[in-house]
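Protein chains: 2
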Amino acid sequence: MTTASLPPWDSEERNAKRARWQPRNARVIHSSPWIEVELSEPIAPTGRVAQYGMVRFRNRAMGMIPLHEDGTVTLVGQMRYTFDAWSWEIPEGGVPHDEDAMAGARRELREETGFEAASLVEILRLDLSNSVSDEVGIIYLATGLTQGETQWDDTENLEIARVPFKDVLEAVIKGQIRDSLTVAAVLRVYHMAVTGALEASLAAKIV
Amino acid sequence: MTTASLPPWDSEERNAKRARWQPRNARVIHSSPWIEVELSEPIAPTGRVAQYGMVRFRNRAMGMIPLHEDGTVTLVGQMRYTFDAWSWEIPEGGVPHDEDAMAGARRELREETGFEAASLVEILRLDLSNSVSDEVGIIYLATGLTQGETQWDDTENLEIARVPFKDVLEAVIKGQIRDSLTVAAVLRVYHMAVTGALEASLAAKIV
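Taken in order, these protein sequences are the chains called S and E. Going by the working numbering, the first sequence opens with residue 15, and the numbers climb by one from there. Going by the working numbering, the second sequence opens with residue 15, and the numbers climb by one from there.
Source of the hints: derived by calculation from the structure; they are not laboratory data. Check before you lean on any hint, since a few could be wrong.
Intra- or inter-copy, both count: the list cannot distinguish identical chains.
Listed below are the simulated DSSO-like cross-link pairs for lysine-lysine, each with C-alpha atoms no more than 30 Å apart in a straight line [unchecked claim]: (1) Lys219 x Lys180; (2) Lys180 x Lys31; (3) Lys188 x Lys219; (4) Lys31 x Lys188.
So here's chain S without its partners, still in its complex pose (with noise of 0.2 Å):
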């Protein structure tokens, strides 16, 4: 699940004949630790000549869902700058692309929560916003959690709450939480619960 494969409906033979971006006249207008923003003129597959401003991030976005025995999540909560808003979501973080993923995700859910997990699975893997970045997001399992302590920097404010894993995908589907990570976790593992991808009496718990 590393490295992105075509589906059984397409092949590689014909990805290789389709027409591609053509770069052109990249500039950075803004560097940061976290993102690149960039201009440039592309050359569509269409052969047209674009505009586009895009943002590179230097890091991935994980996201841990901590499922517990009992059926109940812990969620994260903070003021989102980006919409000045409150947000409910899974703990996540960014760890850059040289850093190991799964090691960068089993630190961010220790720093966020406090908690380590005895099992930490990858389970889905998403491309955030592409029409204007190439923001990764990897989404994993955590189960066999034991609590320790939490450690958050200077710009955060954070709230934790555990809640039972079904209130949890009710306020999913009623929009009251909508991060994209957390949405599509929460629907991964009702998804994994019922197809039986869950240790049964944990799956129970959930649907």
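Chain S is already provided as a structure; the job is to place chain E on it using the hints.
Just chain E now, kept in the frame of chain S:
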């Protein structure tokens, strides 16, 4: 579902007391018909000054999952500049904040696939990349589909595929489909099929 409310483990009273981000020194460094890139030095809820680069979207991202009576889904494939890679996705399009969301979704579905939908129902709302942008995604289930003509613009080089829902779901699980709107739409429709929110004969074809 148009206004985000708080989930049952939270309350408006509690939310009113929370520290917020205070915007400061905002200036736009890039503006296009699609986005604005804004730098600022807001004061975080902790009181610390932050450096923030963010992207404001002029459009909401609409994703319409066209589910046919035979249990197939129509997908659109295209080269994505941001990943320099082919991506299979549900039909998507941008709709300005001041345009009616459902009317825009209907138009975008028609332009990309040629399909008219007898029924278009909002099934999910997402904040796609909330660490860096205010991009909102809205997902519709489109059913009762009749074929008309596509209208592609001159940077679009699209392919259409009509694929069994089960194959699309499997491609999501395997990471062969990664577009966030598509992943969320497919998992949500699966959830609807299992929980009786789809017509029974249709649900039987997809789970």
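Results of checking the hints against the structure:
1. Within a single copy, Lys219 and Lys180 get their C-alpha atoms as close as 9 Å, and across copies as close as 25 Å, so both meet the 30 Å cut-off.
2. In the homo-oligomer, the alpha carbons of Lys180 and Lys31 lie at most 30 Å apart only across protomers (27 Å), although the nearest pairing inside one protomer, at 46 Å, exceeds that limit.
3. Taking CA atoms no more than 30 Å apart as the test, Lys188 paired with Lys219 passes in both settings, with 21 Å inside one copy and 26 Å between copies.
4. When the C-alpha separation of Lys31 and Lys188 is checked against a cutoff of 30 Å, the pair qualifies only between copies, where the shortest distance is 24 Å, while the shortest distance within a copy is 43 Å.
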